[in-house]
Each structure stands twice: as C-alpha cells, then as structure tokens.
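Starting from the two chains in their separate frames, assemble the complex, guided by the hints.
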Amino acid sequence: ETGVTQTPRHLVMGMTNKKSLKCEQHLGHNAMYWYKQSAKKPLELMFVYNFKEQTENNSVPSRFSPECPNSSHLFLHLHTLQPEDSALYLCASSHLGTSGASYEQYFGPGTRLTVT
Amino acid sequence: AQSVTQLDSHVSVSEGTPVLLRCNYSSSYSPSLFWYVQHPNKGLQLLLKYTSAATLVKGINGFEAEFKKSETSFHLTKPSAHMSDAAEYFCVVSSASGGSYIPTFGRGTSLIVHP
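Heads up: the sequence lines are chains A and G, in that order.
All residue numbers for the first sequence refer to my numbering, where the first residue is 17 and numbers rise by one.
All residue numbers for the second sequence refer to my numbering, where the first residue is 4 and numbers rise by one.
No lab work stands behind these hints: they were computed from the structure.
Treat the hints with caution; some may be incorrect.
[As the list claims (entries may be wrong)] Quick list of in silico lysine to aspartate or glutamate cross-link-like pairs, EDC-like style, CA-CA up to 16 Å:
{"no.": "1", "chain 1": "A", "residue 1": "LYS57", "chain 2": "G", "residue 2": "GLU18"}
{"no.": "2", "chain 1": "A", "residue 1": "LYS35", "chain 2": "A", "residue 2": "GLU69"}
{"no.": "3", "chain 1": "A", "residue 1": "LYS56", "chain 2": "A", "residue 2": "GLU83"}
{"no.": "4", "chain 1": "G", "residue 1": "LYS61", "chain 2": "G", "residue 2": "GLU74"}
{"no.": "5", "chain 1": "A", "residue 1": "LYS57", "chain 2": "G", "residue 2": "GLU74"}
{"no.": "6", "chain 1": "G", "residue 1": "LYS45", "chain 2": "G", "residue 2": "ASP11"}
{"no.": "7", "chain 1": "G", "residue 1": "LYS52", "chain 2": "A", "residue 2": "GLU100"}
{"no.": "8", "chain 1": "A", "residue 1": "LYS57", "chain 2": "A", "residue 2": "ASP101"}
{"no.": "9", "chain 1": "A", "residue 1": "LYS34", "chain 2": "A", "residue 2": "GLU83"}
{"no.": "10", "chain 1": "A", "residue 1": "LYS56", "chain 2": "G", "residue 2": "GLU91"}
{"no.": "11", "chain 1": "A", "residue 1": "LYS56", "chain 2": "G", "residue 2": "ASP88"}
[To be verified] Stretch-level coverage of chain G by chain A, calculated; a stretch enters the list once three of its residues show a Cβ under 8 Å from a Cβ in chain A:
{"no.": "12", "segment": "46-53"}
{"no.": "13", "segment": "106-113"}
All C-beta atoms, glycine included, are put in the ideal place defined by N, C-alpha and C.
Pulled out of the complex, with its shape left as it was, chain G reads as follows (with noise of 0.2 Å):
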C-alpha cells in the first residue's frame, strides 16, 4: 500500500521569503515521488520527479525537493517565494504497490505570496 500526506492545507508567505511545502508518504516498495502545481482554473504541471537517482531534485522554476528515505519525506522548497508561486501544489507517490504504478496524491497545499 501507499499514501501521502501533505502536512499543511495552507502556506502563506511574503514575496522575497522562502517556501517550505512538507510532504511525508508511506510506500512498501521503492517510490518515486512527484510534485506537481496547478494554478486557478488549469491543469496540473510537473515540478519535478524523484526516481531513485539523485536525493536532491532540481525542478522548474527554482524549486527543488529533498527525497529523505530515513525520515520518509519529500519536501518542496524554494530559496524565494514571487507572486506567480501562488497556486495548490500535490505531492504524489507511485511504487509497485498492488503490481501497478498508478499514482497516489495528496490533499494538496494552497500557497498565498503576499506582496
């Protein structure tokens, strides 16, 4: 089995301050983790992937997230936060639970930039 869980339902930031939007997941085979944005009214769009490479994974747009196995977390940062950041971002799982990969996501984190 697998899940993730977001630990925050809201993230609200000033422009220029860095952001932390926390991920923990559960999975009994070897994951791959993803996180994705969306903004109002769109689709989902890949920041970036980890898929047992490197632990820490340089995204789009100045993100990056951190895979730590000991504490199972996969956590988004950003070194500064700019006003087009503020959208719901999903932190999702997928392994070889059950003999498929399909992906499972978290509830997702709204994060509000502050001018």
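Next comes chain A alone, as it looks inside the complex (with noise of 0.2 Å):
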C-alpha cells in the first residue's frame, strides 16, 4: 500500500472512552503530523514529528497525546475527550528540510470523530 493511511475512518466515542488513532506513511518521510479540522474553522496543527522526535506541540490539551514509535507510524491517543473535540483528525508526512527546503505534505483521508 502507498501513501498515508489512516485507521479507523469513523470513531463515535463517549466522553468517557479512551480511543487511539493510527496514521501509517509509506513514502519514506522524515516528518509526520496531526491537524484537527472542525466545520467552520481554519485548519489546526496539533503535533509535529520529525524523526520521532516532537518538534511542535501547539497548545494541545492534554486529554490529546501523540506517541510516534517510528518514522513511519504516528498515533493520537485520545481520552477524557469532549464534544467539542469533533472534527476532522488529519494526518499528514513530509521531508521536512532544516536548510533551504520546503517539500509538500502528504494527507491522509482523515479520521472523522464524533464525540456523544
């Protein structure tokens, strides 16, 4: 399989659940990373991981953790969540270049999470 894929597609969970999610890359990227896209609001990033290591972590709330075992996986632990936190979880890969370079990201379809 190629590209970025992301498990489950769907996940209804109730504020109470601990659920994780699972982003795979197949293209032989340096970075991976998490945005959270809500209706009506602008794209947000949540995590940056570049060889494994987090390089950004955007004032995420704590009930969201991120764990990156390799360069090629990246989960979303999620616990305690609230109903505001439905949305749109996107993964994404990339190079990510330290001198003079800019490569493009490559998405996942999304994890659409609905919490009741």
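Have a look at this one:
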C-alpha cells in the first residue's frame, strides 16, 4: 500500500472512553503531523514529529496524547474528550528541510471523530 | 514570521468559465508556496507548488498559479471550470521562519461550480 493511511475512518466515542487513531506513511518521509479540522474553522496544526522527535505542540489539551514509535507510524491517543473535540483529524507526512528546503505534505483521508 | 491570507471564503462560478482563487502571503524569508484541494470528506491533495524556480507553476487538473514577489501573491487560476472542481482550496506558505519549515495554512476558499 502506498501513501498515507489512517484508521479508523470513522469513530464515535463517549466522553469517558479511551481510543487511539493510527496513521501510517509508506513514503520514506521524516516528518509526520496531526491536524484538526472543524467545521467553519481553519485547519489547526496539533503536533509535528521530525525523526520521531516531537518538534511542535500547539497548546493542545492533554486529553490528546501523540506517540511516534518510528518515522512511519504516528498515533493519537484520546481520553476523556469533550463534544467540541468532534472533528476530522488529518495526518500528514513530508520531508522536513532544515537548510533551505520546503517540501509538500501528503495527507491521509482523515478520521471523522464524533464525541457523544 | 509567516502568514497567508485567502481573500475569499467562497467563490462561485459557472461551468466553463474561468476560476480565480486569490492568495496573499507574508514571509521574512524566501517562501515556498503550495495550493491544496480537499473534496468533501477527503484528505488534502497537492495541486501545485512553487519553490523558487519558474514563477508560473502548472499543476494537476489544468490549474496554474503565478508567484508575484512584488505583490506577495500566489493566485490560483484555471481557464475553464468543471463541475468536479467544486471543493475547498487551501493556500500554504512554508519558509525558514523560526528555524523550521512548518507550513502555515490559509483559511480555505470554497469553490462552487454551477451547471
């Protein structure tokens, strides 16, 4: 399989549940990202990992916990979420340059999360 | 610091007429610029990118964009809209701001195509 895959595609969870979102990239990239996309709001960058090290955390609540065991896999662990956390969660990967290079991102199809 | 402004939240066109989606950017460094498209309930797909080569960039599905440094713009155009072009479009800037190349996304422009 090629590209960026995300599982599950849809998830409904209660506020007391614990669940995880999974992202996998088969493109040989060194950076992976989590974004939150809510209706009527701009795309929100949540976390960035570069070579498995977290380099960005945009003031995300602790009920979202990322994990990056290797450069190909990224998880988002969810616990005690709120209804306002319902959104499309997108994973992306790219090369990430540090000396004069910017590269395009490749996105997965997203996980549609509904918190009840 | 870097930022990007998509000047229209919605653009409505008739099928077969030209498309213009406007984007202005701000960057302290030489930027790379991208346009992505997102169809309903899908992830984002790269349309085209500018990375300091030719200022007129051709992308997929007949789209193109022109980098104008003097105007700090990177507008997306297509000569003739198709119904399948109806989607959300995002302009993105990436530069060495802050020592990394984390991209900054615009708020998106919804393209509506009428038959």
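To see whether the hints hold, each was checked on the structure:
1. LYS57/A - GLU18/G: 28 Å, violated
2. LYS35/A - GLU69/A: Answer violated: LYS35/A to GLU69/A is near 22 Å, above 16 Å.
3. LYS56/A - GLU83/A: Violated, at about 28 Å.
4. LYS61/G - GLU74/G: 20 Å, violated
5. LYS57/A - GLU74/G: Given pair LYS57/A, GLU74/G is violated - Cα atoms ~27 Å apart, limit 16 Å.
6. LYS45/G - ASP11/G: Given pair LYS45/G, ASP11/G is violated - Cα atoms ~22 Å apart, limit 16 Å.
7. LYS52/G - GLU100/A: 34 Å, violated
8. LYS57/A - ASP101/A: At roughly 13 Å apart (the allowed maximum being 16 Å), ASP101/A and LYS57/A satisfy the hint.
9. LYS34/A - GLU83/A: 15 Å, holds
10. LYS56/A - GLU91/G: 12 Å, holds
11. LYS56/A - ASP88/G: 20 Å, violated
12. 46-53: holds (count 5)
13. 106-113: holds (count 5)
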